[in-house]
Amino acid sequence: MLIRVGVAMGILNFAVLTFSQSQVDPDLMSMKLEDLSRVKVFSASRHFEDVRRAPSSVSIITAADIRRNGWRTLGDALGSLRGFYTSYDRLYPYLGVRGFMRPSDDNKRILLLVNGHRLNENVYDGAYIGTAFSLDLDLVDHIEIVRGPGSSLFGSNAMFGVINVITRSPGTEAAIESSDDTGSFQSRTERFTLTAGSGNRSALLSASYLHDPGNPSLFFPQFASPFTNNGYAVDMDGTRLDSVFADLRNGSFRLQGAFSDNVKKFPTAVFGALFNNPLDWQEDVRGYIDASLHKTAWSGTDIDLRIFYDAYDSNGSGAFQVPWYAGTAQAFEKGRGDWAGTEANLTREFGPHRITIGADYECSMRILQRDVVVGLGDLSRVNDTPWRAAAYGDAEFNFTPSLIIHAGGRFDEYSTFGGAVSPRLALVYLAGTRTAVKYILGTAFRAPSAYEQFYNDPVNILPPPIKLRPERILSNELVMEQNLRPWVSLTVDGYYNELHNLIDEVPAGSTAMEWFVNDGRVHAVGLETEVAAERSSGMGVRISYTATAATDGVTNMHVADSPVSQVKLNGKSPLLRHAFASAELLYMSAMTDDSGTRVPSYVLPNFTVATNPLWGGWVFSSSMYNATNRRWFSPAGPNAPEDQVQQDGRTWRFKVTYRIPVGGDRGSR
Amino acid sequence: MSAVRAHRLRALALLVFLAAVMFPTAPTQERDERAVRVAYLYTLIKFVDWPNPQNDLLIGFVGSPATGQTLFKSLDGRKSDARTLHVAISPTDEQLGKCGILYFGDASEEDVRKTLPKVEGRPVLTLGETDSFPRRGGMIGLVKAEDHIEIVVNLPLAQRSGIKISSRVLNLATIVRQGGEG
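Sequences listed follow chains A and B, in order.
For the first sequence, counting from 1, position 411 maps to 411 in my numbering; every step adds exactly one.
Count along the second sequence from 1, then add 669; that gives the number in my numbering.
For the record, the hints were derived by calculation from the structure and aren't laboratory data.
You may find that some hints are simply not true.
Unchecked claim - 20 angstroms max Cα-Cα, derived SDA-like pairs, lysine to any residue:
{"no.": "1", "chain 1": "B", "residue 1": "715", "chain 2": "A", "residue 2": "29"}
{"no.": "2", "chain 1": "B", "residue 1": "783", "chain 2": "A", "residue 2": "169"}
{"no.": "3", "chain 1": "B", "residue 1": "742", "chain 2": "A", "residue 2": "624"}
{"no.": "4", "chain 1": "A", "residue 1": "32", "chain 2": "B", "residue 2": "720"}
{"no.": "5", "chain 1": "B", "residue 1": "715", "chain 2": "A", "residue 2": "198"}
{"no.": "6", "chain 1": "B", "residue 1": "813", "chain 2": "A", "residue 2": "478"}
{"no.": "7", "chain 1": "B", "residue 1": "783", "chain 2": "A", "residue 2": "198"}
{"no.": "8", "chain 1": "B", "residue 1": "813", "chain 2": "A", "residue 2": "660"}
{"no.": "9", "chain 1": "B", "residue 1": "813", "chain 2": "A", "residue 2": "614"}
{"no.": "10", "chain 1": "B", "residue 1": "833", "chain 2": "B", "residue 2": "817"}
{"no.": "11", "chain 1": "B", "residue 1": "767", "chain 2": "B", "residue 2": "792"}
{"no.": "12", "chain 1": "B", "residue 1": "748", "chain 2": "A", "residue 2": "29"}
{"no.": "13", "chain 1": "A", "residue 1": "32", "chain 2": "B", "residue 2": "752"}
{"no.": "14", "chain 1": "B", "residue 1": "748", "chain 2": "A", "residue 2": "349"}
{"no.": "15", "chain 1": "B", "residue 1": "787", "chain 2": "A", "residue 2": "29"}
{"no.": "16", "chain 1": "B", "residue 1": "767", "chain 2": "B", "residue 2": "724"}
{"no.": "17", "chain 1": "B", "residue 1": "813", "chain 2": "A", "residue 2": "29"}
{"no.": "18", "chain 1": "A", "residue 1": "32", "chain 2": "B", "residue 2": "724"}
{"no.": "19", "chain 1": "B", "residue 1": "813", "chain 2": "A", "residue 2": "300"}
{"no.": "20", "chain 1": "B", "residue 1": "783", "chain 2": "A", "residue 2": "38"}
{"no.": "21", "chain 1": "B", "residue 1": "715", "chain 2": "A", "residue 2": "38"}
{"no.": "22", "chain 1": "A", "residue 1": "32", "chain 2": "B", "residue 2": "712"}
{"no.": "23", "chain 1": "A", "residue 1": "32", "chain 2": "B", "residue 2": "767"}
{"no.": "24", "chain 1": "B", "residue 1": "742", "chain 2": "A", "residue 2": "29"}
{"no.": "25", "chain 1": "B", "residue 1": "813", "chain 2": "A", "residue 2": "171"}
{"no.": "26", "chain 1": "A", "residue 1": "32", "chain 2": "B", "residue 2": "715"}
{"no.": "27", "chain 1": "B", "residue 1": "748", "chain 2": "A", "residue 2": "30"}
{"no.": "28", "chain 1": "A", "residue 1": "32", "chain 2": "B", "residue 2": "716"}
{"no.": "29", "chain 1": "B", "residue 1": "787", "chain 2": "B", "residue 2": "835"}
{"no.": "30", "chain 1": "A", "residue 1": "32", "chain 2": "B", "residue 2": "835"}
{"no.": "31", "chain 1": "A", "residue 1": "32", "chain 2": "B", "residue 2": "714"}
What the hints assert, rightly or not - Just some of the chain B residues that point at chain A, by a computed CB distance under 8 angstroms:
{"no.": "32", "residue": "705"}
{"no.": "33", "residue": "708"}
{"no.": "34", "residue": "837"}
{"no.": "35", "residue": "841"}
As the list claims (entries may be wrong) - What follows is a list of derived Cβ distance ranges for each label pair:
{"no.": "36", "chain 1": "A", "residue 1": "521", "chain 2": "B", "residue 2": "779", "range": "58 to 64 angstroms"}
{"no.": "37", "chain 1": "A", "residue 1": "351", "chain 2": "B", "residue 2": "750", "range": "35 to 41 angstroms"}
{"no.": "38", "chain 1": "A", "residue 1": "251", "chain 2": "B", "residue 2": "835", "range": "51 to 57 angstroms"}
{"no.": "39", "chain 1": "B", "residue 1": "779", "chain 2": "A", "residue 2": "291", "range": "21 to 27 angstroms"}
{"no.": "40", "chain 1": "B", "residue 1": "753", "chain 2": "A", "residue 2": "433", "range": "47 to 53 angstroms"}
Keep in mind that this is a model prediction, so the values were computed, not measured.
Note that the Cβ used here is the ideal one computed from N, Cα and C, for glycine as well.
I would like the entire structure built from these sequences, with the hints used as guidance.
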């Protein structure tokens, strides 16, 4: 998988670097010693090379970015990027990319990886970017965001991009690290991390706990009735999260595992649950164990092997009026998935050219979906055991130093719907050392999720009337990356996306129920412009403007939940030598929600001050979000009674991290 | 949005932008940490005096082939002041005897343990990449701290071997004693 991530980014890894590493830039070699000491470096990860050469539009978010901006969730970090935006229905945050968002779609049109391990689960295909994301953000070294279709290497879900979260290296120095934060609504997060190592062996073990009572009183005008507490959901916004992560390395062998249990109350009475009822909550339990081996088999040839076991358990609880049951009852929608798989890939250099081939196989031992009414037993129960297998390849041709051609594709075979082919072509033209122009023609698919294919119950959802086919995207993208000055870069990125066979939940004929069908078509054209500047002092700014016109191919109207304009600004500056101040401004133009109602535009200013390690290992940070206390809304999904959900006003967080070296070494590295 | 809030936001945005653009310092951008370390090494050579200066300076490299290759391509045959630099990847014992610099780039602890004693007590500038390197028998650590590379120098060790490191380096560096705190 590492090779695939490297190929996707066009960034060479491990042994590949061995034979193709270029000279250090002359400007770096001519720097003064004092200037070198201020040069910002990418993390120790070896697969950073030169994003200019990547056959995609790539962004990198580093641990320092996360810390200095006070981002609390993966969604916060991704929302700062051009072309990305988020919504939050007080159950999950959802990611919109390039004018396309389906609130409540569990982000299944994005592929989310942790250290190359696929995180999208096998019941709903969800990629969770809020607290249900399995990893504490403090453990992140960097996040690689590869925009555009990625199915030619990664298969299903990689329709709008691949997000690979790389955890920090355990290192070889023994240390104990502890982190504690508190914030608005008396939220509290604690983390305890151990690292140790010797020689080629290293280990990182970490446990985190989050308790956030959430906003104590939320008003929902749709429920403004004396029978529903006048529209106030009281103590219905809380979150509790327990998570652990382990990363053990011995030379080229790596064993990683994660487990998280996230419980969120939902105040929105989604799916017809009773409003303001403490039985309305959702639990997501996610875990995996993953063993991988990276070997340089012989000169110029690298091999990656991986074997994994994954599990996901979703418990959606709600208080419902059940027609044939006296009074209210607690009902659960349960989804339990267990799956395992393996993959192998190989990269070989042929002179200046490079070929990657690979194959993977994944089998679901169980995808059990149940509807349970307490006291009545199972209303519905379906269990399925689908499998999939795939083979893929990518060739990188470097016939001249200034032109890189990437051609690749992947064939997936699913036990459920058959085959899917995902070809891709990318041309990268490097004009001198400062300019790169890329043309990318990509395709991707999303296999129907188990929920869409198999779930049915006697009350809400019927099985699909005809077998569901995969969703498809065809994308044309033209990117120009230009270094205006050594410290200023400009990116202009234009794209045209065509989406077909989108799976939507629609009324099931003349019944009062619904079913899933391949119904939707969307085409979107957009332009993203970004200027990033950073001075050696650490002062820097990144400003982006995104304009998107996304049209529903059926109605020919602008699609819902799609802002036409977005402006993002992230500025940072050193403060008094020992700290950093960061400011973030997020502007989103107005959009319409699912029901056609206008969701007002908003500007959110967020501020963070974070210290560098002080007194051997103390790091303090303080953040204020929505500093102007702006009243703003997020569009909600089709199953919510609200068209849009009001978000929090001004909130804050204060965080302390302390690292204690064990065995005499200095800490806080 | 009220006019007052809008005005406040615009002022803030302008302030951040102007501050970022106008701050007058030397240019830089995010770099691969290997490249920065190689540039450091090249620059450091000018601020180090060996007791027996030669026209040719041999740099031995032990560790990750990727870093070694970068080092080789960037420095082998290059001039530094009047000296010509040569790079030997995975040097033999004979080459080690001629090295003026020995660089451990992402090297295993075992490699460091085996190789470092071979140059002990001799005027060979030893460099590593970890915080622990200069306190376990190495002279200089080019250590990633936050998102920058920091110099950590074991000054007594360098002095014992007859190598003089310029105060310009020492002013930037964290000084440590072997096995102790800095």
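For each hint, the structure was consulted:
| no. | hint | verdict |
| --- | --- | --- |
| 1 | 715(B) - 29(A) | holds, 12 angstroms |
| 2 | 783(B) - 169(A) | violated, 24 angstroms |
| 3 | 742(B) - 624(A) | violated, 47 angstroms |
| 4 | 32(A) - 720(B) | violated, 24 angstroms |
| 5 | 715(B) - 198(A) | violated, 34 angstroms |
| 6 | 813(B) - 478(A) | violated, 36 angstroms |
| 7 | 783(B) - 198(A) | holds, 15 angstroms |
| 8 | 813(B) - 660(A) | holds, 18 angstroms |
| 9 | 813(B) - 614(A) | holds, 16 angstroms |
| 10 | 833(B) - 817(B) | violated, 25 angstroms |
| 11 | 767(B) - 792(B) | holds, 10 angstroms |
| 12 | 748(B) - 29(A) | holds, 12 angstroms |
| 13 | 32(A) - 752(B) | holds, 19 angstroms |
| 14 | 748(B) - 349(A) | violated, 32 angstroms |
| 15 | 787(B) - 29(A) | violated, 30 angstroms |
| 16 | 767(B) - 724(B) | holds, 12 angstroms |
| 17 | 813(B) - 29(A) | holds, 18 angstroms |
| 18 | 32(A) - 724(B) | violated, 23 angstroms |
| 19 | 813(B) - 300(A) | violated, 29 angstroms |
| 20 | 783(B) - 38(A) | violated, 33 angstroms |
| 21 | 715(B) - 38(A) | holds, 19 angstroms |
| 22 | 32(A) - 712(B) | holds, 7 angstroms |
| 23 | 32(A) - 767(B) | violated, 28 angstroms |
| 24 | 742(B) - 29(A) | holds, 13 angstroms |
| 25 | 813(B) - 171(A) | holds, 12 angstroms |
| 26 | 32(A) - 715(B) | holds, 11 angstroms |
| 27 | 748(B) - 30(A) | holds, 12 angstroms |
| 28 | 32(A) - 716(B) | holds, 11 angstroms |
| 29 | 787(B) - 835(B) | violated, 25 angstroms |
| 30 | 32(A) - 835(B) | holds, 14 angstroms |
| 31 | 32(A) - 714(B) | holds, 12 angstroms |
| 32 | 705 | holds, 5 angstroms |
| 33 | 708 | holds, 4 angstroms |
| 34 | 837 | holds, 6 angstroms |
| 35 | 841 | holds, 5 angstroms |
| 36 | 521(A) - 779(B): 58 to 64 angstroms | holds, 59 angstroms |
| 37 | 351(A) - 750(B): 35 to 41 angstroms | holds, 37 angstroms |
| 38 | 251(A) - 835(B): 51 to 57 angstroms | violated, 38 angstroms |
| 39 | 779(B) - 291(A): 21 to 27 angstroms | holds, 24 angstroms |
| 40 | 753(B) - 433(A): 47 to 53 angstroms | violated, 26 angstroms |
In summary, the structure is inconsistent with hints 2, 3, 4, 5, 6, 10, 14, 15, 18, 19, 20, 23, 29, 38 and 40 from the numbered list given earlier, while agreeing with the others.
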